[in-house]
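Construct the entire structure; sequences and hints are all you get.
Each chain, written out:
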Amino acid sequence: MHDETLHTNPGLNSNFPIPDVPADDAWDKMNTLLDGTIPPTSVPPKNGGGNGMWWVYIFGLICLMGFVGWWFFAKEQHKNGSVAKNNSNQAGQVLPVNNDAGNQRKEMPVSGTDTAAFKNNTAPVTADSNMAATTSNATSNKYPVNTKNNKGAHLIEKITTKNITAQPTLLRAGNVAVLPSTSKPKVSKDTARNHVITAGVSHPSQQNNYNKIGSNRTLVANSKTYKRHNKTYFNILNNRQGGKNESSVADDKKVFLSDKATSVNKTTNGKDNRQKNATTIALKQRRLTDQRMASGKLPNDKNDNNNNSSLSIANRIKWKARQKIKITIHPPLPFDVSDSIAIAKAGKNNLQLTDNKVQDVVAAKQKNKKNAAKSSKDNLSKMITAGLQWNFNVPVNSGYYFTGATGKSQPWQLLLPSLWASKKAGIGRLMVSFTLLQQNLTGKKVLSSSTDTSYITISTSVIKTFGLGAGLQYNIAITPAFSVSAGFNYNTQSKALLVEDSVSVIQSVMATSSVNVANTPSNGPAYLKPSFITGKIEFAYTRAKFDVGINVQKPLTNLSSASNVNIKPVSAQVFFRWKIKRG
Amino acid sequence: MDNPITILEGCILYDRQSQEKLYRQFYPGLYALCKKFFEEEHDILSALNNGMLNVFQNIKQYDASKGELFSWAYSIVRNAALTYLRNKNNISETVELVADIEFDQQKSPFKTLEWKDIYFYLGKLPAATRAVCTLYYVEGFSIKEIASQLQLKEGTIKWHLNESRTRLKIIFNQIPIR
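Sequence order for the protein chains is A and B.
For any residue, its number in this note's numbering is found by taking its place in the first sequence, counting from 1, and adding 11.
For any residue, its number in this note's numbering is found by taking its place in the second sequence, counting from 1, and adding 1.
Mixed in with the good hints there might be a few duds.
As the list claims (entries may be wrong) - Within a straight-line C-alpha distance of at most 25 Å, the following computed BS3-like cross-link-like pairs (lysine-lysine) qualify:
1. B:Lys61 - A:Lys540
2. A:Lys456 - B:Lys67
3. B:Lys61 - B:Lys22
4. B:Lys61 - A:Lys40
5. B:Lys61 - A:Lys455
6. B:Lys61 - A:Lys579
What the hints assert, rightly or not - Looking from chain B toward chain A, a few residues come up when the C-beta cut is under 7 Å (computed):
7. Tyr15
8. Leu46
9. Trp116
10. Phe121
11. Phe173
Calculated directly from the structure, the hints in this document are not laboratory data.
Predicted model only: the values in this text are computed from it and were never measured.
For glycine and all other residues, C-beta sits at the position ideal for the given N, C-alpha and C.
Here's what the structure looks like:
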């Protein structure tokens, strides 16, 4: 039985007549028809299938490579930093002589015996903060001499020899290493501006014997001070060659071993300026000193076990000769080393700085800090590479390639400008980019479709979306000319190019088709999300200041706000990158 | 019987087994529909399969809130049948356009007939007249809707309807209802 309303509400369970053609035969024909138009597929997993998995693998691989490289780089940095830290804090360990930015650091072993003797005998010269703590009887008024970490201030303590008696000279420098006498004093060869200061013995009359030759100066200050005059002498030897310095030290030893209380001051010419020192140490003070020395058990001293009090002056001098200090001071110096000598002259008993000098030093220190901060900013600026980039969208899947945001043809929008900056990070470069006008070609994707009572199906499709874009990616150079990158982009969708098609269901023909531009705040929420994230892979060829390459982006999030409409089109862009500022 | 929702989800994913289940489930009703327009089995199956092909290709656009899936498929298959008929017989050239024809709206002659009788009498009509008669009397479309679907003028539709009534009267007199 027929029903006049059958066309509007046909019942599936109506009493239809049995078909003349069996369903099997009909399905065979239908199956053949389907094979020619819709290839049979197995049911894919709901998470999107395996077609998009290669993106995940490639992203993961490149990101993993980047992180591993970064990790190694950070580990190396941390390792170097730890060594430097340990060196500066532990006596008897490896101490850095030259603290010049890690790579130029020189390390010098200090034997534990020397360190113990150094501590027990209240070594006259300390260069380490821990060691300085052992010489608590030395009042420490610190004055900056050099900049810290080659730029900051080295500190020379005001020495109060009254409390030190036999060890009146205390040189304390936070970043200065101690060179024991058993080690050969070395003169830094890596820079012609290094200064070696060694505590030594000199007569006041020889204080002017140091010579400036170029900027390579060696200050030898053998910590030999005689209580008699309660003076501290510095013998500054100008020594451009390390060998000469060694010879002078050897000569010093010979003189010391001669069991004469003499001070020797040698110049680089090897000319002996031996002068008999009329110094005589009071017996009580000598015994006190000998006792201290005996407790330190001087190496190779055969007499210390027999009679501590019978230590000869020669042995004492010999021991003290080992307490040479090598101090490396890096330029720029706030004031010339000669100022130290002048100060030493003026202060006879003490190393004292005048008020003017203090002000000068403080000003110099502040200036150095400013220079250091400015230099840090300059270095950061030098590390950053930045420039402009133009992107050409590749018409992968769009029939409205030239249609712009206004709905009209706008070819200029194919040149999408963007700003970018990169900084070296690990084995590659970390790059950020900002696109002023991001154009996302989606292909013609149906957002919604509905059929009205007149059997006209109205479908709304999205062709393009427009907005801003920001990206973060990691570049790795596989060859000097080619590089590969991976990263993420965050794109907004402030506008969308929509196509509205009206199709007559009955006639299966398109009635109307119109292109509209919709602002997503008003029309978008029903169709499009305000933003989405894409994964990006990029290949680039570098030549001089320009890069050219192609990037492929795959949305990781859905462009559509409807859960049942999945819009994740793959897009590609050819880009041209100009390095305006090179780091 | 399988869950219709499961079948629908399978069809959306182009799963062939789900498509077969849906086809077999809808086949009797859709075959009966196409038989109203065509006499030959080949034409019936061609129109039916063309319609079902459109169903499978556009099943993502189906909106469950607007009706049953069968109703949606029924409409698509009917449109496919009309398209097939139009392409095959070229209706617009065979009919005489009469704009001011008077059409006496009477009760459907098929109101009380069985399916086999309906098919029998429809088989006695020319193809274009059969299609118009089917749409008007059996499917219940208005003249305006038929004109829109077949892309014909309303006068032409009325002429076909008058023609069908004239012919059917003769047939009813010659061959009484069985």
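Hint check:
Pair hint Lys61 (chain B) plus Lys540 (chain A) holds up; C-alpha atoms about 21 Å apart against a cutoff of 25 Å. Our distance criterion of 25 Å between C-alpha atoms is met by Lys456 (chain A) and Lys67 (chain B), whose separation comes to about 22 Å. Distance check on the hinted pair: Lys61 (chain B) and Lys22 (chain B) sit about 17 Å apart at the alpha-carbon level, within 25 Å; holds. The suggested pairing of Lys61 (chain B) with Lys40 (chain A) holds, with an alpha-carbon distance near 23 Å, which does not exceed 25 Å.
Taken as a hint, the Lys61 (chain B) and Lys455 (chain A) pair is honoured in the structure, with Cα atoms around 15 Å apart against an allowance of 25 Å. Taking the CA atoms of Lys61 (chain B) and Lys579 (chain A), the gap is about 17 Å. The hint holds against a cut of 25 Å. Interface restraint check: Tyr15 (chain B) against chain A, minimum CB-CB distance 5 Å, threshold 7 Å, status holds. Interface restraint check: Leu46 (chain B) against chain A, minimum CB-CB distance 6 Å, threshold 7 Å, status holds.
Taking 7 Å as the C-beta cut-off, the interface hint given for Trp116 (chain B) holds, the closest approach to chain A being about 4 Å. Given the 7 Å rule on beta carbons, the hint for Phe121 (chain B) is violated: about 12 Å separates it from the nearest Cβ of chain A. Interface restraint check for Phe173 (chain B): the shortest CB-CB distance to chain A comes to about 17 Å, outside 7 Å, so the restraint is violated.
Hint violations for this structure: numbers 10, 11, all remaining hints satisfied.
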